[in-house]
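Trainee: Here's the letter readout for the chains.
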Amino acid sequence: MNLFALNLVLAFVWALATGSLSEVNLVVGFLVGMAVLHVVGGALGDTRYAVRFFRAVGLAGFFLFELAMSSVRVAIDVLKPEMTMTPAVIAVPLDVRSDAEITLLANLISLTPGTLSLDVAADKSCLYVHAMYGDDPEAVADEIKRSFERRIQAVFR
Amino acid sequence: MAAFLAFSAQAALLAVAVAVFMAFYRIARGPSLPDRVMGLDMIGLMSVSVVALVAIATGQEVLLDAALAMALVSFLGTVAFSRFIERRGRRKE
Amino acid sequence: MSDLIAALALWTGAFFLIVSGLGAVRFPDLFMRMHAGTKAGTLGAGLILLGAAVEFGSVGVATKASLTFAFLLLTAPVAAHVLGRAAYYDGTEIWERTRSDALRGKYDHGWRSDGDDGASPPRPSAAGPNDGGG
Numbered sequence: 001m002n003l004f005a006l007n008l009v010l011a012f013v014w015a016l017a018t019g020s021l022s023e024v025n026l027v028v029g030f031l032v033g034m035a036v037l038h039v040v041g042g043a044l045g046d047t048r049y050a051v052r053f054f055r056a057v058g059l060a061g062f063f064l065f066e067l068a069m070s071s072v073r074v075a076i077d078v079l080k081p082e083m084t085m086t087p088a089v090i091a092v093p094l095d096v097r098s099d100a101e102i103t104l105l106a107n108l109i110s111l112t113p114g115t116l117s118l119d120v121a122a123d124k125s126c127l128y129v130h131a132m133y134g135d136d137p138e139a140v141a142d143e144i145k146r147s148f149e150r151r152i153q154a155v156f157r
Numbered sequence: 001m002a003a004f005l006a007f008s009a010q011a012a013l014l015a016v017a018v019a020v021f022m023a024f025y026r027i028a029r030g031p032s033l034p035d036r037v038m039g040l041d042m043i044g045l046m047s048v049s050v051v052a053l054v055a056i057a058t059g060q061e062v063l064l065d066a067a068l069a070m071a072l073v074s075f076l077g078t079v080a081f082s083r084f085i086e087r088r089g090r091r092k093e
Numbered sequence: 001m002s003d004l005i006a007a008l009a010l011w012t013g014a015f016f017l018i019v020s021g022l023g024a025v026r027f028p029d030l031f032m033r034m035h036a037g038t039k040a041g042t043l044g045a046g047l048i049l050l051g052a053a054v055e056f057g058s059v060g061v062a063t064k065a066s067l068t069f070a071f072l073l074l075t076a077p078v079a080a081h082v083l084g085r086a087a088y089y090d091g092t093e094i095w096e097r098t099r100s101d102a103l104r105g106k107y108d109h110g111w112r113s114d115g116d117d118g119a120s121p122p123r124p125s126a127a128g129p130n131d132g133g134g
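Chains as they are written, first to last, in this note's numbering: chain A, 1 to 157; chain B, 1 to 93; chain C, 1 to 134.
No lab work stands behind these hints: they were computed from the structure.
Treat the hints loosely; a few may be bogus.
Claimed, not checked - If you want a taste of the chain A side facing chain C, the calculated C-beta under 8 Å gives, among others: (1) E23; (2) S110; (3) D119; (4) P137; (5) A139.
Stated by the list, open to error - Residues from chain C shown here face chain A by an in silico Cβ test under 8 Å; the list is partial: (6) R26; (7) M34; (8) L43; (9) V59; (10) S100.
Glycine is no exception: its CB is placed at the ideal position from the N, C-alpha and C atoms.
If we strip away everything but chain A, and leave its shape as in the complex, we get:
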């Protein structure tokens, strides 16, 4: 992701070159810099910078939506007079391997519907998750792998 830092520097330089550090100039500089990096990226070891950038933005948007949904579900659970939750501690097998990816995944899991990450196995082969609705542990694990893990992989590779 150090191309992103370079992109920020380029935006700053663009704003300086145009003579005023206004927000519009910074945004335009960022977009121009992104286009340049997307084209030149091959020489810097990253051929699809812009694609990955917009996937990261998409992941952030999806994540905010999930955060809202999970809060609504918690609100429903809290306000229901009787406790109908079926909690369970579930082992989710991991496909992502690097520490950065696992950290991101664990953080995202903690803020999405019904799941809270507890620990990673010593050999990083699976993530232990506390789920509010754990009737079907495999379904919960599948859901996590389908929604988040794949998107994280798309951003990091």
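For this one, chain A is given, so just place chains B and C on it according to the hints.
Mentor: Using the frame of chain A, we list chains B and C on its own:
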């Protein structure tokens, strides 16, 4: 309309006060140490909101700097307590 | 108009903070309480910050508010994760209606013999083939 916003800020402050009170209940009640630490953590989160609400109610946008600092720092206490709990768990057997 | 949006954000934010407080009071075990505290609490604080950003309406305040929200998003799950793990390791009681517990017996309590000073966090062993399905 501005009056309605001021009223909303006051009402939200009252609501957050109630929420802080409920977190206090968890701190007082326990039953375990992690429960109490969780109550403290929630109060840290709520105090960020309180500072933001006071900033709206008084029109002092400088207060948001305080909220920023609190958001950064409040979790450190939880982490320190957790390490303590973890080491205590080790000595059990 | 912006006043209305700000007020709406404040109301919903306050609602979610109350939900997180109610969850802390009502839910039967620590882990479920943490669900309420991290999710609803973070969203509530974020909505109130959004209200502040809309109300002041300047780019500087908006940047500050979104930076604060970003820090909350970074720190809240970390705090929950560290505390949840420590609590499980410490043997905090888990609700009796919990369906399955894949972590049970995965921790090695006690001190290792190889000069272990307790500084490195304990790690559970990997899940076996029978642990996944409750």
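Trainee: Where does the structure disagree with the numbered hints, that is, which hint numbers, in rising order?
Mentor: 5
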